[in-house]
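Enquirer: Single-letter residue listing:
Number of protein chains: 2
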Amino acid sequence: MYLEPVLIDGEWRQSESPAGQFQAVDPATKAESKELYPVSGNDEVERACRAAGEAVAALRVVAPESIARFLEDYAAKIEDRSEALVDVAARETGLPASPRLRQVELPRTVNQLRQGAAAARDRSWCHATIDTKVNIRSKYGPLGGAVVVFGPNNFPFAFNSIAGGDFVAAIAAGNPVIGKANTGHPGTSKMLAGLALDAAAAAGLPHAMIQLIYRTPPDVGLRLVSHTGVAATGFTGSKEAGLRLKEAADKAGKPIYLEMSSTNPVFLLPGALAERLPAIARELYDSCALGAGQFCTRPGITVVLEGAQAEAFLAEAAAHFDTGIPGTLLGPGAPPRIAEGIGALVAHGASIVAGGREIDGPRYSFSNTLLRASGDAFLSHPHALQTEAFGTVNLVIVARDADQMIAIAANLEGNLTGSIYSDTSGGDDELYARVEAVLRQSVGRLLNDKMPTGVAVTPAMNHGGPFPATGHPGFTAVGIPASLMRFAALHCYDNVRPHRLPPELADKNPTGRMWRLVDGEWSQQDAAG
Amino acid sequence: MYLEPVLIDGEWRQSESPAGQFQAVDPATKAESKELYPVSGNDEVERACRAAGEAVAALRVVAPESIARFLEDYAAKIEDRSEALVDVAARETGLPASPRLRQVELPRTVNQLRQGAAAARDRSWCHATIDTKVNIRSKYGPLGGAVVVFGPNNFPFAFNSIAGGDFVAAIAAGNPVIGKANTGHPGTSKMLAGLALDAAAAAGLPHAMIQLIYRTPPDVGLRLVSHTGVAATGFTGSKEAGLRLKEAADKAGKPIYLEMSSTNPVFLLPGALAERLPAIARELYDSCALGAGQFCTRPGITVVLEGAQAEAFLAEAAAHFDTGIPGTLLGPGAPPRIAEGIGALVAHGASIVAGGREIDGPRYSFSNTLLRASGDAFLSHPHALQTEAFGTVNLVIVARDADQMIAIAANLEGNLTGSIYSDTSGGDDELYARVEAVLRQSVGRLLNDKMPTGVAVTPAMNHGGPFPATGHPGFTAVGIPASLMRFAALHCYDNVRPHRLPPELADKNPTGRMWRLVDGEWSQQDAAG
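Chains A and B, in that order, give the protein sequences. The numbers in the working numbering rise by one with no breaks, and the one at position 293 of the first sequence is 293. The numbers in the working numbering rise by one with no breaks, and the one at position 381 of the second sequence is 381.
Hints are supplied without guarantee of correctness; some may be wrong.
Under the rule of at most 27 angstroms between Cα atoms (straight-line distance), these lysine-lysine pairs were calculated in the DSS-like manner [unchecked claim]:
1) B:K30 x A:K133
2) A:K239 x A:K30
3) B:K239 x B:K30
4) A:K508 x A:K133
5) B:K34 x B:K77
6) A:K251 x B:K239
7) A:K239 x B:K251
8) B:K133 x A:K450
9) B:K133 x B:K450
10) B:K251 x A:K251
11) B:K508 x A:K450
Pairwise CB distance ranges, derived in the manner of DEER restraints [unchecked claim]:
12) B:A58 x A:D360: 51 to 57 angstroms
13) A:G194 x B:S380: 40 to 46 angstroms
14) B:P510 x A:G361: 56 to 62 angstroms
15) B:A58 x A:P332: 24 to 30 angstroms
Everything labelled a hint here was simulated from the structure, so no lab data went into it. Beta carbons are placed, not taken as given, at the ideal position from N, Cα and C, and that holds for glycine.
The whole structure should be built from the sequences, with the hints applied where relevant.
Expert: Encoded structure:
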């Protein structure tokens, strides 16, 4: 029996004493892959952590330029192999090869890698701060241990543990990565890791800069995030798994950045619906259906005011949900999890307006589902009615009046996003102000007249938000250079002699362009030390 | 029986159904205060959190200028009442009124308040980031809940829960504070809170901007840091208490910033000792004895290479420890805790070179204590030999050779600081490089030829470090504006209409001077939106 190899310390190796094995599943056919992948036990995790420790030491003499070249070369290699990557990712995830994987996600992924390269080369991300009078200088630097990245099932490229946003951020900040592939797309991850390994070797990075395992038993995962050789973890996935890992990492005093769940509420104010109800209903459906509804930023809750307008909106939206073709879900676990989520909503007062059932057939699918609940029901069971159903599912909450709409906003849990649609002539502005005052505190990104799916990779992006959307409200998982800050430690140099300072903190600006906070002002000039 | 009042929702009130009472103790006479202070139960904590929630809402329309004026006015009020404050603080802590409290700590405290005011007014701290092409904008803003501050016993002003660094950072970032006074100096805290209350009212801040309780039963403290109305906690104190609070806050998904323990290792390289052994021995003693050794940054471990030089250094240092007059410790718990710490060191191979015993007498005191241990002993029991003894106590580790010195460095736990002394002609540079490579990763602030006590309040300062020195390696408790980032959430605005943006994110620069990251470059100009 041949098991696919793991990537440890710069080499593809047969897993030693694997704790089990698994296969990928093609969601479009429910067929299992012929490849078998190993479940890594504790010895393997120990070996990876030890090797990462050596990489940490070796990285001290690696220039930012080498890291930048690695990221760029890796991006080019991904483009060179894009057809093969798209093929395997489509087979493992059921996501459409085109446009989703080929024209959208793969270009975004290489763009992230290149932005990471630019950040590493530019060095401004490290917030070099120089106080010349007291000769105290500080900057952010690598954490001094491996970063473990757990990638989610829904973005085989852009959030892949070995190519996605967390990976780029950790590497660009100068840390080695131990990738824990999502078990939904091990073949995609393996192919990416192969390209990364070649690029890392060409750039002269340490052997263990990039390591890959596919799965661990739960207890080994907990040991991994709390291992002395691991400095931080990036996790994107379910709340259940995230909270287990968080508990272990917290106990060990290790930062863990989690992106766990979000219902991404959308508030539709009456003037907006009066102006453009059909367009908004269409936008909502399109956003809900993107990627078969399996986006972290998919709107899960819509809030409207009761009345004829609400009924008209529900009818219009229901028509889209009814007639839209349900997408293929990521794996066998998806339909029952959606059914479970919908069951929780219905059990607490929601009723189904469209869809609501698993679709039998050759592929994993679930009908597009629209639900409704009264504001009273929501306020009676605010927690249960924020249950996430990870598919094309939306719960419309019909508020009795503006006050109840505000109360609903006040009972929202932490979310990645919150959207408010308002009219264009200012008629909704008073209500907008009231909703925004409450909503602002519970979301990472606030949108106007726009659905939350489609996360631009741009410096001002915040793909984060208060718990339980993430584990810390001050960090973003998307947006470079801000996302690097998660994987960096603040290093201060007090009275350190000039020749011993890192170049970023020397009087001379090492690039001539790097932004540094010199004596309280941002500057690209040399410091007068 | 009269209990001193607590400050809740803008009023000094008798504690309702207090869970107990306590008195302050004058460490110089062991006399208890005539004042009785209440232990606050759960109802009081609930009331404070509810009031803080109202303050959060009210703060939405409070301009940064009001917060700045409050901080400045508060600083002026502290200066006006400095004699009374110094009197009560000296009586409650045993710290010398002069120079320590009057000439050093109080000026530092008002300086911090004024730096906080400048940061609030300047607004550059919030890292406004504007991407004009995609119209996505973000900045750091208040957390949307109260910040709880637990102040330590050793800085009655500069780290006071109601006047110190965490307080300034939380307020300047726009959050209300619930101060949990250190029970060692409740009278000082009460007097400060009175001044703060007056200044807050004059500045038009919400009633519950500043609240003060003195003590809670342990379970109520755990509920406080995990309360829905609390957004984050700043804690400075013992590792034992810090870890308990951390567990509760982590479970609730609330950031908690801890400053818990640090042995602040000092490496003395042979060239430095050859050049200036007596001066270094003097510096070490002075740094250890500052504040009776009760500084977070007091050097607790010194590492030297074995040989005649090490013996000469130990003899020279021992003379200082023997002849120096032991300071007055902060309270009745201090001597037994120091004895316990020394006991743990001795039990694991350290031997006492000077001091080592509690001093009987009218005040709380412990003899200045110097210990030594071999590098072998340290490497056999690295954890036990890093036990903190919070007083004028230093453990000199005598390493067999350079390799063992590196091994010792590699076994250090996370520390606030690490110092390396080397010769001035470059003879130590090779060894310096080896030590630094290892030490850098485990300390927040790396020093050359300088003892770690004396934490400058300057932007580049890092008073932080890896766990267990603190709870997160990316944040500092001292240094403005960086310390504000602990108490801020990242708020993104995506496609939000111009008139609804916070002023900091409008195209027009609201102050004409604020630094913003506009289209990837730091700028004080208006954005071309």
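Enquirer: The structure should be examined with respect to each hint, and the outcome stated for every one.
Expert: Against the structure, the hints come out as follows:
1. The suggested pairing of K30 of chain B with K133 of chain A is violated, with an alpha-carbon distance near 43 angstroms, which exceeds 27 angstroms.
2. The suggested pairing of K239 of chain A with K30 of chain A holds, with an alpha-carbon distance near 26 angstroms, which does not exceed 27 angstroms.
3. With a CA separation close to 26 angstroms, the supplied pair K239 of chain B and K30 of chain B stays within the 27 angstroms bound.
4. Distance check on the hinted pair: K508 of chain A and K133 of chain A sit about 16 angstroms apart at the alpha-carbon level, within 27 angstroms; holds.
5. The suggested pairing of K34 of chain B with K77 of chain B holds, with an alpha-carbon distance near 26 angstroms, which does not exceed 27 angstroms.
6. As the CA atoms of K251 of chain A and K239 of chain B are separated by approximately 13 angstroms, the hinted pair is consistent with the 27 angstroms bound.
7. Of the supplied pair hints, the one linking K239 of chain A and K251 of chain B holds, its CA atoms being roughly 13 angstroms apart against a limit of 27 angstroms.
8. Proximity of K133 of chain B to K450 of chain A is assessed by CA-CA distance (about 16 angstroms); at most 27 angstroms being required, the pair is judged to hold.
9. For a cut-off of 27 angstroms, the pair hint linking K133 of chain B to K450 of chain B is broken: about 49 angstroms separates their Cα positions.
10. With a C-alpha separation of about 10 angstroms, the suggested pairing of K251 of chain B with K251 of chain A holds against the 27 angstroms cut-off.
11. Pair hint K508 of chain B plus K450 of chain A holds up; C-alpha atoms about 24 angstroms apart against a cutoff of 27 angstroms.
12. The beta-carbon spacing between A58 of chain B and D360 of chain A, approximately 56 angstroms, falls within the hinted interval of 51 to 57 angstroms.
13. Range check, G194 of chain A to S380 of chain B: Cβ separation about 44 angstroms, and the 40 to 46 angstroms hint holds.
14. Between P510 of chain B and G361 of chain A the CB atoms are about 57 angstroms apart, so this pair conforms to the stated range of 56 to 62 angstroms.
15. A C-beta distance of roughly 51 angstroms is found between A58 of chain B and P332 of chain A, which places it outside the suggested range of 24 to 30 angstroms.
Going down the numbered hints, you'll see the structure goes against 1, 9 and 15, while the others check out.
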